[in-house]
Amino acid sequence: GQQLNQSPQSMFIQEGEDVSMNCTSSSIFNTWLWYKQEPGEGPVLLIALYKAGELTSNGRLTAQFGITRKDSFLNISASIPSDVGIYFCAGTMDSNYQLIWGAGTKLIIKP
Amino acid sequence: EAGVAQSPRYKIIEKRQSVAFWCNPISGHATLYWYQQILGQGPKLLIQFQNNGVVDDSQLPKDRFSAERLKGVDSTLKIQPAKLEDSAVYLCASSLSGGGGFSHNSPLHFGNGTRLTVT
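Note that the protein sequences, when read in sequence, are chains A and B.
The letter at position 52 of the first sequence is residue 52 when you use our numbering, and the numbering goes up by one with no holes.
The letter at position 66 of the second sequence is residue 177 when you use our numbering, and the numbering goes up by one with no holes.
This is chain B alone, in the form it adopts within the complex:
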């Protein structure tokens, strides 16, 4: 099966600019996640969608970050305006069914991420 697709692979922007990332999950996966991974740290969940509804966005900085999953398939994550501390790899993941991606029958499948550098 095709994996989780993300684009672009790399993005360099200046602070205060805006940026958008795109994710296409594995076909048939109902749940989609966006993670932020700062260098030297583990991934941090930003937002979780179940189909096209938001399940958890408690750690999403809503003053500058937004995400949508129209039609319950592809998703976009936007940052506007970007700050220096937003430099990180943004990982998209999907799982077959609900939950946090930790069940035996529905583990997380990650894409290769978008590396964002804010200068």
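Just chain A, same shape as in the assembly:
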């Protein structure tokens, strides 16, 4: 079953707002990946993290690998309409190198 808890489940945002979402686990992870999925498409890799404490940016997106290795955060600054979609975290644990996925955070722009 799911071993990653992703929150929030959905977010309504105004254009221009900053967005934060996170992913947590009760187990230690050694890799964290963040993907974005738009309707009718497959997930696209945004950021990959491989070390505890690592902070990596990709344009307006910034992700961090938590110090405890049990969580990761994704921030989007100054959101724009094309940011809408579902953001997934995924990772691998020490004991199992299979990629485990969260259930996603759906980002919706308020009209």
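It is possible that part of the hints are untrue.
One side only, chain A facing chain B, incomplete, derived with CB under 10 angstroms [what the hints assert, rightly or not]: (1) Leu4; (2) Pro8; (3) Pro43; (4) Leu45; (5) Tyr50; (6) Gly53; (7) Gly91.
Worth flagging that the hints you see were computed from the coordinates, not collected in a lab.
Where a beta carbon is used, it is the ideal one built from N, C-alpha and C, also for glycine.
Chain A is fixed; fit chain B onto it per the hints.
Relative to the frame of chain A, chain B by itself:
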């Protein structure tokens, strides 16, 4: 470079019927994956091929699902017979080399999926 190609885009079948999905990975990618994505959930790995050999099929319901990757390029995933709970998007992905698609040098590239509805 051309992306991962999948067909068909949509398929509607009745329960107990059979269905097949096709995937053509990015040229030169040795590893191919089939994922099942149920609405509201993240993708779930069904099977992983390295060239034409199976690396991981631990989550494939083998009583009804089968997959092959002849010649180490294209792949087909078949469901026979289908059940209502098989309704999902079936995603194919490929990566340049082995592993689970999480390495910096060999990330996953997904196709746009096949949306299956079983009635």
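How the hints compare with the structure:
1. Leu4: Where the cut-off is 10 angstroms and the nearest Cβ of chain B is about 8 angstroms from A/Leu4, the hint holds.
2. Pro8: Result: violated, 14 angstroms to nearest chain B Cβ.
3. Pro43: For A/Pro43, the interface hint holds, since the closest Cβ of chain B sits about 5 angstroms away, which is under 10 angstroms.
4. Leu45: holds (5 angstroms)
5. Tyr50: At 7 angstroms from the nearest chain B Cβ, A/Tyr50 passes the 10 angstroms test, so the hint holds.
6. Gly53: Interface hint status for A/Gly53: violated (17 angstroms vs cutoff 10 angstroms).
7. Gly91: Hint on A/Gly91: holds, closest Cβ of chain B at ~8 angstroms, below 10 angstroms.
The structure fails to meet hints 2, 6 from the earlier list, while all remaining hints are met.
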